[in-house]
Amino acid sequence: MTTSIEYPPAGATSSSRPPRGVRAAAWLSDDVLLTVADSEAPRGGEGAPDTTARFRGAGTDWISAIRVPSGVGPLAGGPERLAVANGGEAPVLHRRDLEGKLVDIRAFLRDHVASWTVDGRGEFVTFVASLLAVEGASQSLAEGAYLVREALRERLPLSVLDIAAPRTLHVDRLHRIGERAFYVQGWCFIRDPSLASLTAVAPEGSRVELAAHAFRHPRPDVAEFLSLREGYERTTPLGFIAYFETPAPSLRRDGWAIELRDDAGLGIEAIVPPPQEGAGPNRDAVLADLRIERRRNEALRENHIRPALTTLQEMREQTVAIDDIEDYGSVPSNPPASIVVPLYGRVDFVEHQLVQFVNDPDLREAELIYVLDSPELADHLDSFASQLHALYRLPFRVVTLSANGGFSIANNLGASVARGRLLLLLNSDVIPAAPGWLGMMRDFYEATPKIGALAPKLLYEDEAIQHAGIYFQRPAGEREWWNEHYFKGMHRDLPAANVARPVPAVTAACLMTDAAVYERLGGLRGLYVQGDYEDSDFCLRLREAGLACWYMPQVELYHLEGQSFSSPTREASADYNRWLHTCLWHETIEATMGEFDRGADAGSGGV
Amino acid sequence: MAKRRVLVISHNHPKVRPGGAEAYAYELHCALRDSSEWQPTFVARTGPPLSPTGRPHPGTIFSPVDGVSGEYFVYGDDYDFDWLFGTIRDSKELYTRHFREFLLALSPDVVHFQHTLFLGYDLLREVRNTLPDVPILYTLHEFLPICHNNGQMIRTMDSEPCTHDSPRRCNECFPGITPQTFFLRKRFIQAQMSTVDRFIAPSALLRDRFVEWGLPPEKVTLEEYGRRIASEQPEPDDRERRDRLGFFGQLSPYKGIDLLLEAMRDLRRDERREANTDLATAVAERIGRSRPREPASSGPQLWIHGANLDLQEHAFRDKFDRLLDETRECVTLVGPYKHDRLSELMAGVDWVVVPSIWWENSPLVIQEAFAHGKPVICSDIGGMAEKVTDGVNGLHFRVGDALSLANAIRRVVDSPALWDELRAGIPRVHTMDDHVPVIVGMYERLLEERAVEGAAAA
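Here the protein sequences come in this chain order: A and B.
Once you know that position 481 of the first sequence is 1491 in the numbering used here, the rest is easy, because the numbers rise by one and skip nothing.
Once you know that position 372 of the second sequence is 430 in the numbering used here, the rest is easy, because the numbers rise by one and skip nothing.
It is worth saying that the hints were derived from the structure and are not from the lab.
Worth double-checking, as some hints may not be accurate.
[Stated by the list, open to error] Anything over 12 angstroms on all C-beta distances counts as not near chain B; from chain A, calculated:
id : residue
1  : Ile1281
2  : Pro1385
3  : Gln1397
[As the list claims (entries may be wrong)] Partial list, derived from the structure: chain A residues whose beta carbon lies under 10 angstroms from chain B:
id : residue
4  : Asp1358
5  : Glu1361
6  : Val1365
7  : Asn1369
8  : Asp1372
9  : Leu1387
10 : His1390
11 : Ser1393
12 : Leu1401
13 : Arg1484
14 : Tyr1568
[Unchecked claim] Ranges between beta-carbon positions, derived for each pair:
id : chain 1 : residue 1 : chain 2 : residue 2 : range
15 : A       : Arg1403   : B       : Glu371    : 36 to 44 angstroms
16 : A       : Pro1346   : B       : Lys277    : 30 to 38 angstroms
17 : A       : Asp1334   : B       : Pro394    : 56 to 64 angstroms
18 : A       : Ile1332   : B       : Ala262    : 51 to 59 angstroms
19 : A       : Thr1598   : B       : Gln248    : 38 to 46 angstroms
Values in this document were obtained by computation on a predicted structure and should not be read as measured data.
We treat Cβ as the ideally placed atom computed from N, Cα and C, and that holds for glycine.
The task is simple: from the sequences and hints, build the whole structure.
Now the structure itself:
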């Protein structure tokens, strides 16, 4: 028996005629109807694109999955016509065609599918799972697909945690990275090590093969539990980690399973805990796995952690948007410069900036935009902001994001509403030393040809230099490039630090650039985790575009970088960011540092 | 010609709680009230923690003081006030709504701040916003803008006097507050204070410290407190011994009252060792308000006049009670006193002791002592050492050192002639009649300057 799954080709104008000779039908979900019909499956023809997917079953049976428009589904009193095609003069499937043939989905499966072979049933489950990709993923369709899977799936014996068992399998955690992207961590053991397949099975039926691609690592705790001989894991590590993507979206939380088969075809399965949601915690969990890989073995990082983090960031970029923009006072409508200040976790810095800005005429001309990246503080900031405006009488805008987006997204969204020709990215914990700083930066920027980014001298609260330009350095024997600040810790008056000059890169804590250039380059990239390296990444892209980065010491501001305590997550992020940055840029960095070391303005530290 | 209006702003009304700065502020107000050219209004904050006075009428936070015209309470809740930054953090309505209306209604020509404690430095900005052309003056009374340790500039770990601030040093005193936060505090306070046209420092110490901290020197003027006391000293009484000591001030550790009690205790111990006769029978009552002025024993006697023991911490109150108990033969706790009884109380002592462990600005009690012809024994630092010259009109002892203080007391008791010598060296007290013209002169000069600027701009 051949089974085949047929979909109309993309943009098809194939038959919009309903299947003739429908013998039975059942609602798979609120908007998808399954029918079984005779051999003459209609194909070809004119009309609007078909919304039917077909599956060739046993004998001459064709099973069709028909998408019906909303409002006509099983719960709807609805019109008589179950239009098959969208709009136009599409032929329709009438309710009367289904009279007497509509059955419960379980009965449908039992009567028309259950008798197929194991393989056939398996393929049908996959077919139904794939509907979530084709027909659109709704919760109702996910439930329907789950039901189908449960009814038809071949179950394997459940894995038992017993040291005598010939095979054991366990999943510690599963993370949802996106609608189709997941990250799993667990371990498996086969006494005769002949692993044939390790398959993740989504609740809706999608199957993904992991064995070849998963990252294997030792689990000494499990080895001890199973009383394995010393050195066993050197050849066959028990643990596995895998980032994988399902062919169709999976929405349902409960119902994940994982299957293990050996060469003999014998297999077990294990229940997988429901996927952990939450971009933040998932990101932290994925990052924490960096400690598992051995030095210089980058397979885990490259094949699993990086795609997971990249997908997480892409999801974030798609979902985080501007929720609200509020103006306090009349903000200049055609300002020479716009200042974008992301706020995260605390908003008291706003007052500390305003109390300094209020004495500065340059700031009255500028457009001051605060971007609230902690939406839970929205109400508080709203009342606080109007009070501040009443007291300081400086106009500013507050852009509230729909969710926490992170440093790059916050800056990019702020920039997207900025009206100034020049854009200044400013951290909330940066306080000017004296008025007039913005005008001086503007003058310098406009007077310097081929300038991409400009940053001033930034100081710690004890007059030590925090930033005087960024350069790249690679410790002897290491592959990764580190970002360093010239003259960090030296007194602000150090002569070598008081020379305006081009530098390899500058900090985004106070960075002036042309707004159009920023937009053209796509702003800051969110590939990096938790802030760090976005600025040098941006500067390197500017260099690629033929623009330079400049440092100007004539302007000084204080950057009150808090003593944030080093946590494992922070260290892991820094580690990952540095690696990724080097992956993406090592050639350019080498060339750049070559130029700077040869040139007169090397100045990396000692004078 | 219509009188010009000046608004005097204080953090407390002396009718509610006694205190030096507020006493002076109110005296100034009263003196201005008597002038023919100026009409002053006095605004004092009320509410916790200094007073139980409740909220006034709904919809307003202002109310006249005991029905008097020209004196107002402004009510504030304690919990809103951020001690570290000296501001009301989350709600600026006090300034932008309540005070603004008050300022517009009053329409003063000059605003003279005595304090911003419990009110907030933001009030300076609101005054500037609402009355852009009105000169703002600010009298400095202690180091609150500089120092988070109650404005005393002594270190928290050992009570040693501190000479300069830095984010790092302040963090050493308050490990729970980061250096960055102290940096922000300073920038915030200085930014608000940049709206002030003239600062008045009653001591050179304060002037110098604040200029070093960052106030523009041309804006800071030295001008001693003016006092409403007779400029002529009373005639001294005739006595053989000059061994009666008086302490007048708050019963707080900063004022060194425990130090003084320790010195008295040590002196008593020494004396008892020397003497071989019984002590006199009657001992002055501990809390007697009428007590014998003739000492029961042969050693020095101390009378403590002061209040606010209840505001201090437990440990200090216990220590105070214990020391008082140990010195009951030579020390009498008189308790709080009214200002109009001061002359009478001063008449009963020979020396006034000012043993503060902090720098002090210009202690009012020194001026009062001098006004009554009493030489002063005080610590050898800060405003005390500035106003009292060792060997001329008083004696210094080493700050914080009970033994040094005991030696100074012993010395004055053993040499009665010293008293006459030092009394002769007492300078003339700066009275309100001397002081008001200087203050008013500042108001007028600032108004003139603004008029000139206005004309130039036109």
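Against the structure, the hints come out as follows:
1. Look at isoleucine 1281 of chain A: its CB is around 48 angstroms from the nearest CB on chain B, clear of 12 angstroms, so calling it non-interface holds up.
2. Once the 12 angstroms rule is applied to beta carbons, proline 1385 of chain A is consistent with being away from chain B; the minimum gap is 19 angstroms.
3. Distance check for glutamine 1397 of chain A against chain B: the nearest CB is about 4 angstroms away, which does not clear 12 angstroms, and the non-interface claim fails.
4. The criterion of a C-beta within 10 angstroms of any C-beta in chain B is met by aspartate 1358 of chain A, whose closest approach is roughly 7 angstroms, and the hint holds.
5. With a least beta-carbon distance of about 8 angstroms to chain B, the hint placing glutamate 1361 of chain A at the interface is held under the 10 angstroms criterion.
6. Restraint check, valine 1365 of chain A versus chain B: the minimum CB separation of about 4 angstroms is within 10 angstroms; hint holds.
7. Given the 10 angstroms rule on beta carbons, the hint for asparagine 1369 of chain A holds: about 7 angstroms separates it from the nearest Cβ of chain B.
8. At a threshold of 10 angstroms, the smallest CB-CB gap from aspartate 1372 of chain A to chain B is about 16 angstroms, leaving the interface hint violated.
9. For leucine 1387 of chain A, the interface hint is violated, since its Cβ never comes within 10 angstroms of a Cβ in chain B; the closest pair sits about 12 angstroms apart.
10. The beta carbon of histidine 1390 of chain A comes within 8 angstroms of a beta carbon in chain B, closer than 10 angstroms, and the hint placing it at the interface holds.
11. The closest approach between the C-beta of serine 1393 of chain A and any C-beta of chain B is roughly 8 angstroms, which is under the 10 angstroms cut-off, so the hint is satisfied.
12. Interface restraint check: leucine 1401 of chain A against chain B, minimum CB-CB distance 4 angstroms, threshold 10 angstroms, status holds.
13. The beta carbon of arginine 1484 of chain A comes no nearer than 32 angstroms to any beta carbon in chain B, farther than 10 angstroms, and the hint placing it at the interface is violated.
14. Taking 10 angstroms as the C-beta contact cut-off toward chain B, the hint placing tyrosine 1568 of chain A at the interface holds, the least distance being around 7 angstroms.
15. In this structure, arginine 1403 of chain A and glutamate 371 of chain B meet the distance hint of 36 to 44 angstroms, their C-beta atoms being roughly 42 angstroms apart.
16. Taking the beta carbon of each, proline 1346 of chain A and lysine 277 of chain B are about 33 angstroms apart, inside 30 to 38 angstroms as hinted.
17. Between aspartate 1334 of chain A and proline 394 of chain B the C-beta distance comes to about 57 angstroms, which sits within the given range of 56 to 64 angstroms.
18. Checked against the given bound of 51 to 59 angstroms, the beta carbons of isoleucine 1332 of chain A and alanine 262 of chain B, roughly 57 angstroms apart, stay inside it.
19. With their beta carbons about 45 angstroms apart, threonine 1598 of chain A and glutamine 248 of chain B fall inside the hinted range of 38 to 46 angstroms.
Comparing the model with each numbered hint stated earlier shows that hints 3, 8, 9 and 13 do not hold.
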